[in-house]
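Chemist: Residue numbers (the working numbering), protein chains in the order written: chain L, 54 to 352; chain E, 24 to 585; chain H, 692 to 984.
Any given hint might turn out to be false.
Unchecked claim - Derived DSS-like pairs: lysine-lysine, alpha-carbon spacing no greater than 25 Å straight-line:
id, chain 1, residue 1, chain 2, residue 2
1, L, LYS123, E, LYS544
2, E, LYS456, H, LYS768
3, L, LYS344, H, LYS810
4, E, LYS72, H, LYS768
5, E, LYS142, E, LYS178
6, H, LYS810, H, LYS881
7, E, LYS58, E, LYS120
8, E, LYS72, E, LYS100
9, H, LYS747, L, LYS59
10, E, LYS183, E, LYS298
11, E, LYS111, E, LYS142
12, E, LYS89, H, LYS747
13, H, LYS768, E, LYS120
14, E, LYS402, E, LYS380
15, L, LYS131, E, LYS544
16, H, LYS768, E, LYS58
17, E, LYS111, E, LYS398
18, E, LYS380, H, LYS747
19, H, LYS747, L, LYS57
20, L, LYS194, H, LYS746
21, H, LYS746, L, LYS58
22, H, LYS881, E, LYS84
23, H, LYS808, L, LYS58
24, H, LYS747, E, LYS402
25, E, LYS456, E, LYS182
26, H, LYS808, E, LYS380
27, L, LYS194, H, LYS768
28, L, LYS344, H, LYS881
29, E, LYS111, H, LYS810
30, H, LYS808, L, LYS57
31, E, LYS100, H, LYS768
32, E, LYS276, E, LYS544
Just so you know, these hints were derived from the structure itself, not from any lab.
Model, not experiment: these values are computed from the prediction.
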Amino acid sequence: MTEKKKDLLFYIVAISLPVLQFCIFYIGVNFNSLLLAFQEYDVASGSYRLCGFTNLSNVWEEFFNTFLLKNGFFNSLKVWALTTVISLPLSLLFSFFIYKKFPLKNFFKVALFLPSVISGMVTVVIYLYFVERAIPGMAEKLFGYEMVGWLGNVDTQFGAVLFYNIFYSFGGYILLFVGAMNSVDPSVSEAGALDGVSGLREFWYIVFPKVYPTFCTFLVLSVAGIFTNQFSLYSFYGIEASNNVMTFGYYLYAITSVATTAEYPRIAAIGVLMTLFVIPITLLVKYVLGKIGPKEDAV
Amino acid sequence: MNRPFRKIAVFTVALAMTCPLFLAGCMDSQQGLEKLDPTRTQLYVQNYKGGYGSDWLYAVKVRFEKEYADREYESGKKGVQIMISPAKEDGISLINKVSDTTNEVFFNESVYYYEYLKKDLLLDITDAVEEKMTMFGEQESIEDKLSEEQISYYKVDGKKYYGIPHYAGYNSIMYNVNVFDEYCLYFADTNDHSFISDLSQDKSAGPDGEYGTSDDGLPSTYDEFFLLCDYMVELGLTPIVWPGQYYNSYIEKVINAFYADDVGLDQMMLNYTFKGRAKNILDTVAEDGSYEYLYGEEGVDITSKNAYLLWASEGRYNSLSFFEKLVKNTSYYPKLCFSPSYLYTDSPKDFLESVPKGEPICMLVEGCWWENEQKDVIKQIADYYGQEYSLENSRFAMMPIPKSSEEKIGMASTIVDTHYSLGFISASIAPFKQELAKEFLMFCCTDRSLAEFTVTTNTVKALDYDLTQEEYAQLTYFGKSVYDLHKKSDIVYPFSAEEVYLGNQSALSVHETFGSKIGTKEELHPIGYFHENQANNAIDYFNGMLVYNMERWDRVFGGYFD
Amino acid sequence: MKKGALRSKITPLSAVVFGVLIVYVVLLFVPLLWALISSLKADMDFRNNLFGLPKKWLFQNYSDTFLGFYVTVESGKAFRNVFMPEQFLYSVLYAGGCAFTATFVPCLVGYLTSRFKYKFSGILTVVVIVCLTLPVVGSLPSEIRMARFFGLYDHIWGMWIMKANFLNMYLLVFQAIFSGVQGEFTEAAKIDGAGNTRIFFAIMLPLVSQTFLTVYILNFIGFWNDYQTPLIFMPNIPTVSYGLYIFNRRTEGQFSTIPMKLTGSVLVFLPVLAVFCVFQKRLVGNITIGGLK
Numbered sequence: 054m055t056e057k058k059k060d061l062l063f064y065i066v067a068i069s070l071p072v073l074q075f076c077i078f079y080i081g082v083n084f085n086s087l088l089l090a091f092q093e094y095d096v097a098s099g100s101y102r103l104c105g106f107t108n109l110s111n112v113w114e115e116f117f118n119t120f121l122l123k124n125g126f127f128n129s130l131k132v133w134a135l136t137t138v139i140s141l142p143l144s145l146l147f148s149f150f151i152y153k154k155f156p157l158k159n160f161f162k163v164a165l166f167l168p169s170v171i172s173g174m175v176t177v178v179i180y181l182y183f184v185e186r187a188i189p190g191m192a193e194k195l196f197g198y199e200m201v202g203w204l205g206n207v208d209t210q211f212g213a214v215l216f217y218n219i220f221y222s223f224g225g226y227i228l229l230f231v232g233a234m235n236s237v238d239p240s241v242s243e244a245g246a247l248d249g250v251s252g253l254r255e256f257w258y259i260v261f262p263k264v265y266p267t268f269c270t271f272l273v274l275s276v277a278g279i280f281t282n283q284f285s286l287y288s289f290y291g292i293e294a295s296n297n298v299m300t301f302g303y304y305l306y307a308i309t310s311v312a313t314t315a316e317y318p319r320i321a322a323i324g325v326l327m328t329l330f331v332i333p334i335t336l337l338v339k340y341v342l343g344k345i346g347p348k349e350d351a352v
Numbered sequence: 024m025n026r027p028f029r030k031i032a033v034f035t036v037a038l039a040m041t042c043p044l045f046l047a048g049c050m051d052s053q054q055g056l057e058k059l060d061p062t063r064t065q066l067y068v069q070n071y072k073g074g075y076g077s078d079w080l081y082a083v084k085v086r087f088e089k090e091y092a093d094r095e096y097e098s099g100k101k102g103v104q105i106m107i108s109p110a111k112e113d114g115i116s117l118i119n120k121v122s123d124t125t126n127e128v129f130f131n132e133s134v135y136y137y138e139y140l141k142k143d144l145l146l147d148i149t150d151a152v153e154e155k156m157t158m159f160g161e162q163e164s165i166e167d168k169l170s171e172e173q174i175s176y177y178k179v180d181g182k183k184y185y186g187i188p189h190y191a192g193y194n195s196i197m198y199n200v201n202v203f204d205e206y207c208l209y210f211a212d213t214n215d216h217s218f219i220s221d222l223s224q225d226k227s228a229g230p231d232g233e234y235g236t237s238d239d240g241l242p243s244t245y246d247e248f249f250l251l252c253d254y255m256v257e258l259g260l261t262p263i264v265w266p267g268q269y270y271n272s273y274i275e276k277v278i279n280a281f282y283a284d285d286v287g288l289d290q291m292m293l294n295y296t297f298k299g300r301a302k303n304i305l306d307t308v309a310e311d312g313s314y315e316y317l318y319g320e321e322g323v324d325i326t327s328k329n330a331y332l333l334w335a336s337e338g339r340y341n342s343l344s345f346f347e348k349l350v351k352n353t354s355y356y357p358k359l360c361f362s363p364s365y366l367y368t369d370s371p372k373d374f375l376e377s378v379p380k381g382e383p384i385c386m387l388v389e390g391c392w393w394e395n396e397q398k399d400v401i402k403q404i405a406d407y408y409g410q411e412y413s414l415e416n417s418r419f420a421m422m423p424i425p426k427s428s429e430e431k432i433g434m435a436s437t438i439v440d441t442h443y444s445l446g447f448i449s450a451s452i453a454p455f456k457q458e459l460a461k462e463f464l465m466f467c468c469t470d471r472s473l474a475e476f477t478v479t480t481n482t483v484k485a486l487d488y489d490l491t492q493e494e495y496a497q498l499t500y501f502g503k504s505v506y507d508l509h510k511k512s513d514i515v516y517p518f519s520a521e522e523v524y525l526g527n528q529s530a531l532s533v534h535e536t537f538g539s540k541i542g543t544k545e546e547l548h549p550i551g552y553f554h555e556n557q558a559n560n561a562i563d564y565f566n567g568m569l570v571y572n573m574e575r576w577d578r579v580f581g582g583y584f585d
Numbered sequence: 692m693k694k695g696a697l698r699s700k701i702t703p704l705s706a707v708v709f710g711v712l713i714v715y716v717v718l719l720f721v722p723l724l725w726a727l728i729s730s731l732k733a734d735m736d737f738r739n740n741l742f743g744l745p746k747k748w749l750f751q752n753y754s755d756t757f758l759g760f761y762v763t764v765e766s767g768k769a770f771r772n773v774f775m776p777e778q779f780l781y782s783v784l785y786a787g788g789c790a791f792t793a794t795f796v797p798c799l800v801g802y803l804t805s806r807f808k809y810k811f812s813g814i815l816t817v818v819v820i821v822c823l824t825l826p827v828v829g830s831l832p833s834e835i836r837m838a839r840f841f842g843l844y845d846h847i848w849g850m851w852i853m854k855a856n857f858l859n860m861y862l863l864v865f866q867a868i869f870s871g872v873q874g875e876f877t878e879a880a881k882i883d884g885a886g887n888t889r890i891f892f893a894i895m896l897p898l899v900s901q902t903f904l905t906v907y908i909l910n911f912i913g914f915w916n917d918y919q920t921p922l923i924f925m926p927n928i929p930t931v932s933y934g935l936y937i938f939n940r941r942t943e944g945q946f947s948t949i950p951m952k953l954t955g956s957v958l959v960f961l962p963v964l965a966v967f968c969v970f971q972k973r974l975v976g977n978i979t980i981g982g983l984k
């Protein structure tokens, strides 16, 4: 058997089980759900029947004529931009700080990772009561100032939820970033230090190229998840989050949670429409990031 | 083994080994649970243990087991053991599990009946519903205890029953009678809407327009309600409280109740049947609140094609205006009423504890099950503050809904059951138990069991039955007020077997029918909208509801009437 | 060279980052401390005294919660209560096993798709991205049906299989890492007569072992905190997160209060914290050493 054939055989054997699992538990399970976007419910028979692109065109029309979907769309973009713009650079900065062994780096490493260990149910409960009860209580007692909790106050709730999402998001990023940074050969860093390369230059030319693939992965995934990210809103507001904070992912999740069989086709159509929108963007971002990355040998 | 993989293994094994160490404790895995009796046949019953609890079912169990002690359903076994499952799962999540559990008979809420039916999850129980319950000494059948609306919904295609209504859930405003008495929060029998200054003074006739009834002195109109609230604030009391988490759904149910009470049973049912003549459909409401009727005195025929017109009903406008006024006056309620941390278990607790703390809250937005749900809290408060706050010494009541205008005083009260509760038998029950399960369902619907339910929970079942004087006397003050209101009101069961309704049961449920389009923006919940900005008002919201529903009607429901 | 040699001088930027991290730590620990203190209060005390010390330190809250923290499940034809220790055991088995399969499979597929440039590899990558963007609606009933059909329903090992998929971000992580591995490694091994299987297990897997461990830990934490899958697919094998969900939903009596909910949260969190503290050097420490060279 030639080398090529051996490779192919190994490839087929090794990939077949995961692909089989995928076929059963993703395609097998979800195919009917996707098909829903092209079906309608017949009450009399209690079954679905094909209706072509009617649902999609209805949703398309709905998208341009209603505020709810547009609002969810733009809120999702806003949330994505803010969390990405704040979380990713901060994580990089914190990781670099830890990598450079600044004071208390081990303590910070543990502290930054700690929220990832705690169940979301626990952090939500603690954050909710702290923001809604402890802080207003403290403000009243210390300053005699009567305030409404930030999560309940319509003017501040977006910020309060955004803060929660960012604050508890560093763990995974930092673990992978620091791991990647540690793969920098210490002698390269040392040589740079001897040549008087500043911290920022070191970061940009030596360290960042090492974390770039991980950075890109996070970025691509965040783009892919723009319209499925529900921003922890369900944990705070159940199905009643206000228009101020409602993201697209949350909207879909919330309406799905109360929908009946007959109502799935419209929701499925909304999902498919958003996917058609976000797939090319995700692939484009992936392609562009692959083209514009920093080069490791630029120092 | 490579180091990291060894670490994974060590880590997992270490964790797994430490866990059983905890087991050293003497926790009894059977504590509070009934042991299986191998000499009897088991019938597994799941009850949604929410506000109504399970005490009623345990009471039925005792009597049923006694009655069936000599029956044989399996060889070598004698008698029946009712096994009550402690699972707490409502109809929405239960639908995926019905056939996976050992449970055979279900009492649950939020059950979309026809959805279960289409999935073949329900056993045909027609004979049990139609048969006179003579075997239990009664001359009536379950069907005899159903209203016409209920029969048309539960009797599929007018032929077969697969489920029966369980309890009734009415959302409204509750009040603390002791506080009302102490502060004389009743209108005097005068024309100037003044309050009595001592309890011996004559009270006004209240919303039912009759003297000598339990609603005497209570606000008869929306205007009087706000006069009462202002008076409470003046006295340093907090008028009302509701949960801050899910405040929209809590209050929307009450907005709906106000709407129903304002328009009456027949008009309200148009929202579900889409058949009949709608009256008092409004043209756009002007900025000053004035309006004209779109179809004059005659009204308009409603079909599934034009049912969006119902969102322009005068009753909706009236009820929205009422709640705009309530929400916008922040002196009427505690500031936590819009905090997601203020749960539905917190607001009743504050309502109860406010009195012994000397900062009374007079009214509570809740459902008729709240007192039963709070029994333990009431006991805790009585233990902590004194027995004058015990359940026996407390007096709470459901407030009859005030009328939107003086002309409507004396009109029949209309209330809405919002729970979609259902009693049913799983289609996957073993054949030899089917008769037993049906008989158990019937047993739960005998007058005796229904009365026992009411006495135990101080709430009502969604069936027609009467309590004896002796049974009535066993109710708490609150239970009596619920029962009285249930008996004297027209009841809206918000469903029908109409195709558009069945195909969109969730989209047409109370919670989803408050959408509005104001300018170019859609809003889903009026309370959130009013709360968001003082400039937001019921006029804009109401006008927008017609626009919103006209726009969505064809798109969402068009498939049903094209 | 000693690692310490990398220790940097303090610069204005690092001082700012240091300051930000200090603020972060304060913001992280103050609510936790508040939750801990509140969990030791009586309900009445908590309601009247939101952020002071407890009037009476109720350590009993913890024993009560420990005993009240159970899930009643079907056991044969009867019911039984599953308490916290047993829930922990299920959590370890559930999270440990699922984390392994959910790490190994993306690792394997990541290796295959990045090292073997067949068309199928490219297609698979695009399919994964598409699936990650696709919100699927109402698939729960068919997922349950499928689990039941294959006999996986209500079994921990069943969940291991169900979670053994490559449809997650880690596939891309492994792809990126395997793409960075120089070809000489495999070429040299092949010259030595090693087959593909041996190359993967003996050469490639150890090369990415640090990342594997990192991903495993992240997955482990994710599964540890996942309550929805056990709730739906293993109703009679409650994990501790499932237990917490049920506990938080309890509305009757003493467990419906905020201090008790906080007690439950702390009680679930404490053992995890203890394990994390004991193993933190091994867990967080080790993966920062080395990596791919």
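Chemist: Taking the hints in turn, state whether each one holds.
Modeler: The hints, checked one at a time:
A C-alpha spacing of about 10 Å is found between L/LYS123 and E/LYS544, which places the hinted pair at or below 25 Å, so the restraint holds. Of the pairs offered as hints, the one joining E/LYS456 and H/LYS768 holds, with about 15 Å between alpha carbons and a cut-off of 25 Å not exceeded. At most 25 Å may separate the alpha-carbon atoms for a hinted pair to count; L/LYS344 and H/LYS810 meet this at roughly 21 Å. With a C-alpha separation of about 21 Å, the suggested pairing of E/LYS72 with H/LYS768 holds against the 25 Å cut-off.
With a C-alpha separation of about 17 Å, the suggested pairing of E/LYS142 with E/LYS178 holds against the 25 Å cut-off. Taken as a hint, the H/LYS810 and H/LYS881 pair is honoured in the structure, with Cα atoms around 23 Å apart against an allowance of 25 Å. A hinted pair counts as satisfied when its Cα atoms are at most 25 Å apart, and E/LYS58 with E/LYS120 qualifies at roughly 24 Å. Restraint check for E/LYS72 and E/LYS100: the C-alpha separation of about 30 Å exceeds 25 Å, so the hint is violated.
Restraint check for H/LYS747 and L/LYS59: the C-alpha separation of about 73 Å exceeds 25 Å, so the hint is violated. Between E/LYS183 and E/LYS298, the direct Cα distance comes to roughly 23 Å. Compliance with the 25 Å bound is thereby established for this hinted pair. Distance restraint check for E/LYS111 and E/LYS142: the Cα-Cα separation of roughly 22 Å lies within the 25 Å cut-off, and the hinted pair is therefore satisfied. Among the hinted pairs, E/LYS89 with H/LYS747 is inconsistent with the structure: their alpha-carbon atoms are about 48 Å apart, more than 25 Å.
For the suggested pair H/LYS768 and E/LYS120, the alpha carbons sit about 17 Å apart, so the restraint of at most 25 Å is met. With a CA separation close to 16 Å, the supplied pair E/LYS402 and E/LYS380 stays within the 25 Å bound. A C-alpha spacing of about 18 Å is found between L/LYS131 and E/LYS544, which places the hinted pair at or below 25 Å, so the restraint holds. Using a Cα cut-off of 25 Å, the hinted pair H/LYS768 and E/LYS58 holds, with the two alpha carbons roughly 10 Å apart.
For the proposed pair E/LYS111 and E/LYS398, the alpha carbon gap of about 19 Å is at most 25 Å, so the pair holds. A C-alpha spacing of about 19 Å is found between E/LYS380 and H/LYS747, which places the hinted pair at or below 25 Å, so the restraint holds. Between the alpha carbons of H/LYS747 and L/LYS57 the distance comes to roughly 75 Å, so the proposed pair goes past 25 Å and is violated. With a C-alpha separation of about 17 Å, the suggested pairing of L/LYS194 with H/LYS746 holds against the 25 Å cut-off.
Among the hinted pairs, H/LYS746 with L/LYS58 is inconsistent with the structure: their alpha-carbon atoms are about 76 Å apart, more than 25 Å. Taking the CA atoms of H/LYS881 and E/LYS84, the gap is near 74 Å; set against the 25 Å cutoff, the hint is violated. Between H/LYS808 and L/LYS58 the CA atoms are separated by roughly 14 Å; this keeps the pair inside 25 Å, and the hint holds. At roughly 21 Å between alpha-carbon atoms, H/LYS747 and E/LYS402 fall within 25 Å of each other, so this suggested pair holds.
Distance restraint check for E/LYS456 and E/LYS182: the Cα-Cα separation of roughly 23 Å lies within the 25 Å cut-off, and the hinted pair is therefore satisfied. For the given pair, H/LYS808 sits about 74 Å from E/LYS380 by alpha-carbon distance, which is inconsistent with the 25 Å threshold. Simply put, L/LYS194 and H/LYS768 have alpha-carbon atoms about 56 Å apart, too far for the 25 Å limit, and the pair is violated. Distance check on the hinted pair: L/LYS344 and H/LYS881 sit about 32 Å apart at the alpha-carbon level, beyond 25 Å; violated.
Restraint check for E/LYS111 and H/LYS810: not satisfied, since their Cα atoms lie roughly 50 Å apart, outside the 25 Å limit. Annotation: proposed proximity of H/LYS808 to L/LYS57 holds, straight-line Cα distance about 12 Å (limit 25 Å). For the given pair, E/LYS100 sits about 15 Å from H/LYS768 by alpha-carbon distance, which is consistent with the 25 Å threshold. For the hint linking E/LYS276 to E/LYS544, the alpha-carbon distance of about 23 Å falls within 25 Å, and the restraint holds.
Hint violations for this structure: numbers 8, 9, 12, 19, 21, 22, 26, 27, 28, 29, all remaining hints satisfied.
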